[in-house]
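Now that you have both chains on their own, put them together as the hints suggest.
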Amino acid sequence: MEDNTEELENAFKEYSVAEFFKKNRQMLGYSGETRSLTTIVHEYVTNSLDACEDAKILPDIGVEVDALNARPKKTVIGEGDGSATEFDLEEQMCKASLFEVLVNGIKQKRPEEYVVKYGKRGKQNVKQVVFRQPPAEGTKIVGEWAIGHIRVTVEDNGTGLPQSKVGQALGMLLAGTKFHQQKQKRGQQGIGAAYATLFAQITTGKPTDFKTGTGNNKVYSGQVSIDVKKNVPVINGLQEAKGNYRGLKVSAEFAEVSYDRSDHGVYEYLRRTALANPHAQITLVEPDKSIVVFPRASDKIPAKPPKIKPHPLGLTTSDLIDMASVTSARKLSSFLSSDFTRISDDKANELSKLLPEIDFDKHPRKMSWVEAESIVHTFHRVKFNAPDLNTLRPIGAIQLEKSLKNLLEPEFLSVIQRKPKVFRGGIPFLVEVAVAYGGKAGAPSTSKEGEVMRFANRVPLLFDAGNCAITQAVKNVDWNRYNLKNLDEQPVSVFINFVSVHVPYTGAGKLAISAEEEIVSEIRMGLMDAARKVGYYLSGLKKAEDQEKRRKIFFKYIKEVAAALHDVTGKPKAGLEAAMRKIAESKTALKDEDEQEDEELLALEEDAEKEVEEENA
Amino acid sequence: MTAHELKKEKRIQEIIQKIDALGLELVKELEAGENPSLEIPIRGSSNIYFDEKNRKIRLGDKVSHRYLFNVSHARKFMQTMLVASYVKKDLLENNLTATLRDLYYAKKHTIEGTKEDTIDEQTESDQAIVDFEVALGTFRERLHLRAEPKGRMAGEMTVVDHVRDKSDRINLAKMGSGGWAVPSIVEQVEFDNVGVEYVLVAEKNAIFDRLNEDGYWMKNKCLLMTTAGQAARGARRLLQRLSDELKLPVYCLTDSDPYGWYIYSTMKYGSMALAHESERLGCEKMHFLGMSTTDIETYDLKSVTIKAKEVDVKRATEMKNYDWFKSKPWQDEIDLFLKKRLKAEIQALSSKNLQYISKTYLPEKIAAQDFLP
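Chains as they are written, first to last, in this note's numbering: chain A, 2 to 618; chain B, 9 to 381.
What the hints contain is simulated information worked out from the structure, not anything from laboratory work. Among the hints, a few may not be true.
Unchecked claim - Computed Cβ-Cβ distance ranges for the label pairs, DEER-style: (1) K97(B) to D479(A): 52 to 60 Å; (2) E129(B) to S540(A): 51 to 59 Å; (3) E490(A) to S80(B): 58 to 66 Å; (4) Y537(A) to E129(B): 35 to 43 Å; (5) E546(A) to K315(B): 53 to 61 Å; (6) K317(B) to E113(A): 53 to 61 Å; (7) E113(A) to E129(B): 36 to 44 Å; (8) R533(A) to S80(B): 49 to 57 Å; (9) R533(A) to E47(B): 44 to 52 Å; (10) Y537(A) to G121(B): 33 to 41 Å.
What the hints assert, rightly or not - With the Cβ distance kept under 8 Å, some of the chain B side facing chain A (calculated, not the full set): (11) G31; (12) M86; (13) S93; (14) K116; (15) E120.
We treat Cβ as the ideally placed atom computed from N, Cα and C, and that holds for glycine.
Chain B on its own, in the form it takes in the complex (with noise of 0.2 Å):
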């Protein structure tokens, strides 16, 4: 067994502790004559704070009860037990992983007796899973549970990814026009020949089509990363390992709207449906890189600008009173949106021409490290 097995063993037992344990608790509960009930930590804003001095959305210490016997629990109770023995039984004990909808179809059948199913909707077991994660006090990957995986990537780099008992060795510089897609558990890999002094990612996959067609990361000694919209659970791993662990500056690209902005406070803050995982997602050390609103000005963009929305205002506007837009620069950034009024795309730039993005826009705000906190 090689170290990176053993690791990966000793994970799984801790997990399977964690689970007897909480199932030995109820076992206990129902023998005293007591109603079963697990406790959940609330999710919501009313239990999510900001942690101002690590950066990161946070879950706070509310917890509730779910009981067995009580009307309005009883089924979520069920469905939280289900992914629990699916958890243990199927994917942990085999060392398998599955995806949400794999659980949705294990467990999903018509209770005896009754015309009721267990599951009816893919979300019920999707939030059952969230509670057992959140009861568990860890997170889906560690339970052997994949999110779809989303994002692509290429740059001098060479990662090593371990699937059961093989291990794969990718250079990430030789993916072609493609790039290197970003599995849904990161945990397991590994970074070799990292070539490469910063991190760029991009919302748009447009935008990384672009930039690799240009040879942007040979050129500019950068990883380059697309989301492709709202990062997935992967991505943001991957890019908190990338920052943490290689030490690399991470500059985010976005369209400049509040849609552009919430995705980057997503990678670098956490959000409130995952507070309890900002721990382990968060890469509070990333910078936005742009679009900003001043972009448009310094660019010369104002052509080919958008103009915001009712619900880009009203986004912006709630957006102002969050903590972790509370920096002087946010606040300029969001008001000055607030008076103009306009939106624009990234792609916004090929106004200029195709590469003017490669060849002038990046890297001028890199050098002049033009950045919004």
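Pulled out of the complex, with its shape left as it was, chain A reads as follows (with noise of 0.2 Å):
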């Protein structure tokens, strides 16, 4: 009879680990090629962030993209007219993992003279490199393209990986250490390392090579896959050598990814990580085999966010399978009194009675998607106690100030720590906000000046922009009160990072905050405050423009007055100049009365100018 159950479960998770990848691949971040690869890198570093806080360390991070093209091929794409701007690209070379445009053999730089698009040409969708300015006539447009994979290596400081837990940690699906202790954490936004080495498994065949040693003298190095069929990580060429190493080094080749520097790439990804972990350094080797490198800004590590449960109020559908997969509890009542803060046994009552269609008495793991649904829509309709509002842990004002001057070197920084508020009618919540004005401040990656960069408890949130209260609490605010007027235009960068212990996602995605009214309203309250000290700077900058206009019109006129005054008086030119001078310094400083007065005047003899000119026409 046990036996019997066994093989039940293992056919139910056989079954649902293979189907979810595939079925929900592009929730889970692998969809487009330049995305897919962000989800990799993104998967590898939280978890080193993670590992690293845990042992507080300061983390020393190393990620390198390669390009694994032998030889890339060559393909005219066009010639140049003067006028033409956009030129089809074949479907493979779409498709390229390394991908660069030559004209007339030189190099172009994307974004800033090209970009890559989606276009239609009749009902075909077709991409197109689209050129800012348009290739001068008789120029030969070449697309330099490999269809190749990529390796992506990242590697640590942290803790490392005991032997025992490699296989758990790469090698198996929804097996994460995350759902057992909620607390706010960066892994609350990823799936895993583990489907990073299904999607190598899957798109090349390749199993992930590692090594890992916990600093007791042992490191262990080989290769983790996955045995779908079962979902168990299958380890080869375990090897075991002697060495002063501690952390983890994670290698595994993929196709279907693209690397590129647009903002949805992996240097986008990294800098904004990097900006909202003041205390990590993050190095990134570009296939070109450019090196980057975001410091370290400060030596403070984080405190420890408090471990806590999640609150039902939080939770999507699919955090409520991946629990599911991974708890202890053989009820479905039990699993969502003993897993959950706030849910009683009485309320878990509650639901089942609201709920009758479904079996509180089965196991969790049987709980299909459906029923999820209905138990996560259910959950708004009972009323649950609010969670501990102890428990949020942001970046901080002054690390989040070391950091941006740290990478951006503004010329103006203005930081803003909102006091906590709740949404829900219990979720606690806080916002950071900062907005750094001139330096390197603006969007390096795109032709567009401002930018807006979106963080999820420290996570750059990169993608759906559009659906998200963020992005919705900006477009509320009126800029041109702060001198920002066509804030795309602007040398800025404005920094949101939303902190809760239950981010509230649009969708499983995880991409863009819900765009809830006490949401917005908070971010747009944090905005203002930070736009605010902007606009003073800029207004201030403004004077002292002004100041030295005037300056310069004082100083500029002063030869020709002096030798005219020469030519009637006869004194001196240069005694005059020296007398000049003298007063225009004085009055260089600012505006007075008098001479607001001589304005009115002056204006009133301007229009008294226009009525003669009038009547003379």
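Written out as structure tokens, the structure reads:
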């Protein structure tokens, strides 16, 4: 009987895990070549950051993205005629993992000189190269591309994995420790490094290399893959060596991914991760071997967030499924009352009455997606106590300031940390906002100047901006009032970190924060606080600029006036000039009231002149 | 040195002294560490009034101070100083005259160390000249600056014109079909052998040519003049002198429309633009002979009228409110125009016959003294 149950469970798992990935690839972040690569790096890097934080280690993370293309092909895309800016790409080239555009042999910069876009040719979707300036007449436009694999290697100096845990961490789906102890964690966003292992396996058939040590003078290395049928890790070529190594290095080869520096790419992801994690040092080696270092800004390791169980109001359907897959509870009812905060036996009972069609005595792992969905829905019909307010862990104004100064070297920076608020009647959250002006602030990877960087619990949100509460809040601010009209065209970086144990994502993909009224309004307030200070700074600048202008105007005419006055009075020019310079210097200071009166008079005069002109016309 | 030359020399010295005083005042301000400024009467309707007693458009006493060290004044201040230097050093001290355009070119150059020119457009230097005139309380002829000459004359009279050290006697009865061109500066002109009883000034060249060909001025003992449109300063000053010095009545002949009235009023009362010079340009004894709106009826010209345009009506409505058009005959004239909305050119009289104007219209009007004030 016991064996039978286990068999059934295995069968269920086999089916669900394999299907789950195939069906939900999009939701898990594996859609689009650029995004898939960002997701892979995200999984590895968040694990690394969490591992370091757990052990109170200052993270030192290396990311290397290597294009494994021996010989790229060259294909003529078109010829410039001085006006055309769009050129279609062949389908094969679209799928290339490496793609460069050359005009008369000169490599073009992306996205400064061109972008790759989806366009329509009749009913067909085509990918196109779109130049910002039309290539000159007669120029040859060539695509250099290669369909190949990309190797991603991430190495950290964290706790490392004991030999026994390697398989679980990298080769077992839904085995993550993150669902046992809910706390405000980055990993809440990710689905796990094991998915990256699976993705490598599916796209290239190759296992993932690892090397790890916990500092006990033993270093393990080998290759891990997943037995998809059984959802168990398979480790090959395990080697043990002696060495003083602590940390984890993971390296895997992927296809159906591509690297670029767009604002959805790995570069931008790491840049923003570095901004939100001032205690981390991140190094990126790009496919062309350029090395980018995002240096550490602070030696202060963030405090550990307290462990708490998830609150029912903060859950999504996939969270519930994921948690059910790892729970030790045997019944749905006990799973709910034991694995969540604020769900008492009574509340679980109340839920079951609201959902008579669901058998609350069944094993949690037998809960279907549809059932999980109705349970999540029904959570909102039951009154739960609010979660503990004391669980929020923001980056902190001081740390954030250090970080932004370190990476953006702005001319002016304003950082605001708002007080905690609640949404959905009880879930605590807080908002951190920074507005950086000048220096390196502004979007480095797009043609736009201004950038809005969205974060949820320090994790950069790079996709689906349109549906996000943050984007909406940004739109609701009248930037004009702060001398920041047309935000897109200003050298500005706007940084928003949404902090909460339960981030209300709009979907399982965890890309955007649900635009709920309390949230949008709170973010907007934060933005306005921060922008106000920038506005003051900018209006000060304007004053100084005015002063400089006045100075220029005053000094400009001195020689002319001195020469004329010399002609009229015969007094020596030099003396006249010197006297004028002295007065000009003192008059350069800000406008006094006299001058304002004069201006009124002048306006009167100008009106009069206009009248006269009209009269003469 | 002739008496005339002495007088002229004295005038030049007066102006030079005024300019010196202005310059020394600026130097004094500079030495005291003050922001140097020029006191300039404000021109424009806010500072213009109609002097009922003397029947002249005049400038009020509102003044503005133009400072060198004021963002919005600096450039104008500099330009005004350029005018001062040019007038004193280049013109007065050498006893030379120049046109406004001469000054513009003489003083236009790129300011050292900048990409900016001292003067961009001639309107800027023209403006600076007027500023300088009013600041000194004088007029541009005294500064030896000439406007474009305009206007011609014919009649039984001799003018004596002094050009530097030369004097020319010109018999205006012997000027042929073109007439004598009125110079832009007429201060130096003297009148002799005056054989006329009145002055007839027409706004149009065509009327002058018609009347000259008909020998109108010979038969009617008048001095015939054309202003060729809006009267130039030279013509206006000359009219004033003819009226004041020779006590000749002056009759004005324009089209029957608001623009014609305006040309008349400028000669008679002065203009807003040159309100500071009304004193020496206004010819307050001038009469408006025609064409009046009533003339259209009287002389049965209805068939050759032109419909008034929107802009004419607007102009007439504005002029109705001017203090110098407040007399009853003018108010009636304007009202009649606004009612009928018809304009007529002087040439409309040619619809009768070519010499109707010289043989019928003018003699009748003058005999009846049928004028507007």
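Hint by hint, here is what the structure shows:
no.	hint	in the structure
1	K97(B) to D479(A): 52 to 60 Å	holds, 58 Å
2	E129(B) to S540(A): 51 to 59 Å	violated, 35 Å
3	E490(A) to S80(B): 58 to 66 Å	violated, 30 Å
4	Y537(A) to E129(B): 35 to 43 Å	holds, 40 Å
5	E546(A) to K315(B): 53 to 61 Å	holds, 56 Å
6	K317(B) to E113(A): 53 to 61 Å	holds, 58 Å
7	E113(A) to E129(B): 36 to 44 Å	holds, 42 Å
8	R533(A) to S80(B): 49 to 57 Å	violated, 31 Å
9	R533(A) to E47(B): 44 to 52 Å	holds, 45 Å
10	Y537(A) to G121(B): 33 to 41 Å	holds, 35 Å
11	G31	holds, 4 Å
12	M86	holds, 4 Å
13	S93	holds, 4 Å
14	K116	violated, 12 Å
15	E120	holds, 6 Å
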